[in-house]
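Number of protein chains: 2
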Amino acid sequence: MGIGNRASVGAVNERRRVLCDWGSSRLRAFLDFEGVVLDRRDGPGINRLGADSPAAALTAVLAAWRSGYSLDVFLCGMAGSRNGLAEVPYVRAPAKMEVWRQGRLCVRVEDLGAIIAPGIQAENFRDVPDVMRGEETQIFGALTLERQLATGNHLFVLPGTHSKWVLVRDGAVARLQTHLTGELFDLLCRYSSLVRVGDDPATDEGGFEAGLRAAVRGGLAASFFATRTAQLIEGRTAGWARAFLSGLLIGAEIGGVLDESTFRSEPITLIGDPGLTAFYLRALAARHVSAQALDGERCVLAGLRVLADADRSF
Amino acid sequence: MGIGNRASVGAVNERRRVLCDWGSSRLRAFLDFEGVVLDRRDGPGINRLGADSPAAALTAVLAAWRSGYSLDVFLCGMAGSRNGLAEVPYVRAPAKMEVWRQGRLCVRVEDLGAIIAPGIQAENFRDVPDVMRGEETQIFGALTLERQLATGNHLFVLPGTHSKWVLVRDGAVARLQTHLTGELFDLLCRYSSLVRVGDDPATDEGGFEAGLRAAVRGGLAASFFATRTAQLIEGRTAGWARAFLSGLLIGAEIGGVLDESTFRSEPITLIGDPGLTAFYLRALAARHVSAQALDGERCVLAGLRVLADADRSF
Chain A
1 MGIGNRASVG
11 AVNERRRVLC
21 DWGSSRLRAF
31 LDFEGVVLDR
41 RDGPGINRLG
51 ADSPAAALTA
61 VLAAWRSGYS
71 LDVFLCGMAG
81 SRNGLAEVPY
91 VRAPAKMEVW
101 RQGRLCVRVE
111 DLGAIIAPGI
121 QAENFRDVPD
131 VMRGEETQIF
141 GALTLERQLA
151 TGNHLFVLPG
161 THSKWVLVRD
171 GAVARLQTHL
181 TGELFDLLCR
191 YSSLVRVGDD
201 PATDEGGFEA
211 GLRAAVRGGL
221 AASFFATRTA
231 QLIEGRTAGW
241 ARAFLSGLLI
251 GAEIGGVLDE
261 STFRSEPITL
271 IGDPGLTAFY
281 LRALAARHVS
291 AQALDGERCV
301 LAGLRVLADA
311 DRSF
Chain B
1 MGIGNRASVG
11 AVNERRRVLC
21 DWGSSRLRAF
31 LDFEGVVLDR
41 RDGPGINRLG
51 ADSPAAALTA
61 VLAAWRSGYS
71 LDVFLCGMAG
81 SRNGLAEVPY
91 VRAPAKMEVW
101 RQGRLCVRVE
111 DLGAIIAPGI
121 QAENFRDVPD
131 VMRGEETQIF
141 GALTLERQLA
151 TGNHLFVLPG
161 THSKWVLVRD
171 GAVARLQTHL
181 TGELFDLLCR
191 YSSLVRVGDD
201 PATDEGGFEA
211 GLRAAVRGGL
221 AASFFATRTA
231 QLIEGRTAGW
241 ARAFLSGLLI
251 GAEIGGVLDE
261 STFRSEPITL
271 IGDPGLTAFY
281 LRALAARHVS
291 AQALDGERCV
301 LAGLRVLADA
311 DRSF
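Residue numbers (the numbering used here), protein chains in the order written: chain A, 1 to 314; chain B, 1 to 314.
Each hint should be verified, as a subset may be incorrect.
Said to hold, decoys possible - Stretches of chain A that chain B covers, calculated by requiring three or more beta carbons in the stretch to come under 8 Å of a beta carbon on chain B: (1) 102–114; (2) 178–189.
To be verified - Which chain A residues face chain B? A few, computed with CB under 10 Å, are given here: (3) Asn47; (4) Asn124; (5) His162; (6) Ser192; (7) Ser193; (8) Thr229; (9) Ile233; (10) Gly256; (11) Asp259; (12) Arg264; (13) Glu266.
Hints were generated in silico from the structure; no laboratory data involved.
Just so you know, even glycine gets a beta-carbon here, dropped at the ideal spot from N, CA and C.
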């Protein structure tokens, strides 16, 4: 129990670090040691903090991992937004990994050193400014996991509340287009007159494929109401209707980019929850487009380690 | 005060009738005497009755007009839906006025004789079944008010929560397409992340025209997010954002029909609230399409009188 032991405990503690993916709807924190996740905790998203400050919410979630030694926390996502821990200015495209991580912001939260990744601002496929916070970390993680993605042109698709399509050229984020797909699906299911409440169920009964077919016709505005009439006139279930809406929205998102942009022939990599990317793979396959899918959590951890390793040389 | 007087009061009472436009969100009742509106009352829509039955809601609104004599009430809209006074089956297109009014249903509500107009079911411009309840009454009203509309092909546009585009051929409803425009606008303004809450105001600051221009590019799914980024990056106000969304949705609705359907060269008649049809006139003008606008209330009264006059010969 001499000085040596205390020093080695200190060294171990110094090599422990926390990696946080902190989005609008939830915080996912990972206790990382030499590239191995020792423990994980979940907490509220930036938009769901209630009366708590972001700093208070963060220290509460990480309480069990704090040991009196300074602990570094590496964060991406809405943690760096106006309502987050501290606002981190967007890095402008074209942005390679090195430029991106130079844009990080370091702040002190009690005994925690918080290093927050910037988001990226880029023009979309129509030359209109667009932004992301968090998805860039997953993409840079993917580039370190799959080295062949770091050269040439690649199209990344990150489905979610705000689905992002990101064009990466030789490792640099070049273009970025956001689709409201997930949020719109949620709003329409919860608040609209399109999905009948009450009658069942979970099964989609071919609704997803029917939605994809409707999307090929274009004109989202004209297709929504078919969700309602199919239940009213053709006796479709609420499960079918939800799946139809999902197919319609995902199909319109994919069709919009592939029909319109000049990047339709780039290899496509999906990053996200496997349950969600599976729907996108089905929708792409219906248009005879192939893609690979990477697990979102694996990518965000890899991206946060890229950020953390930069700070080894502080 | 002899028998003669009593008889003439009775005759006057028999010629009084109530005309009701009863939609999802409100009931508008008019006391009509020989084509003149003597009085009007508003009440709750079919979807806003709370614990009241439709019959109880109707008798409460009409209480002041009931005099012990039988009073006939002519209704259109959601009054004839499954949740209304009584379900009236849809009349199938092609449907002329005479076929439509033959589809009416007569029910007794206490001392009231309620005559409910049917809705119409027709295929939309993509050969998918679609339905309306109430708008057909406005259209048939317009056909009696403007005789030139009763011959040849005409495209009617009835903006609202569920905007209807209706092709009428020689006085017969032939096609019908519903757009979710109004409902979607309301959902996006109230629940989405697209329109920033709190900062002002009423002025649109060019947002509507910007939305129309974005709609011309197509791809509604890809354009929604620009509402948010314009506030975040370009400092646009919430007033601009609401107007942009309005222009985007109305522009997409109009573009969808004009670009896609084979009926783009028919004369267009807008029917609705003048404040709302004005936006559609601006959106059509931006595409160099002219149209006439008729007042919705005037049309629905004319249509309900067509229905009522049929029952004179009962």
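Structure-based check of each hint:
no. : hint    : result
1   : 102–114 : violated (count 0)
2   : 178–189 : holds (count 8)
3   : Asn47   : holds (9 Å)
4   : Asn124  : holds (7 Å)
5   : His162  : holds (7 Å)
6   : Ser192  : holds (6 Å)
7   : Ser193  : holds (6 Å)
8   : Thr229  : holds (6 Å)
9   : Ile233  : holds (5 Å)
10  : Gly256  : holds (4 Å)
11  : Asp259  : holds (8 Å)
12  : Arg264  : violated (14 Å)
13  : Glu266  : violated (17 Å)
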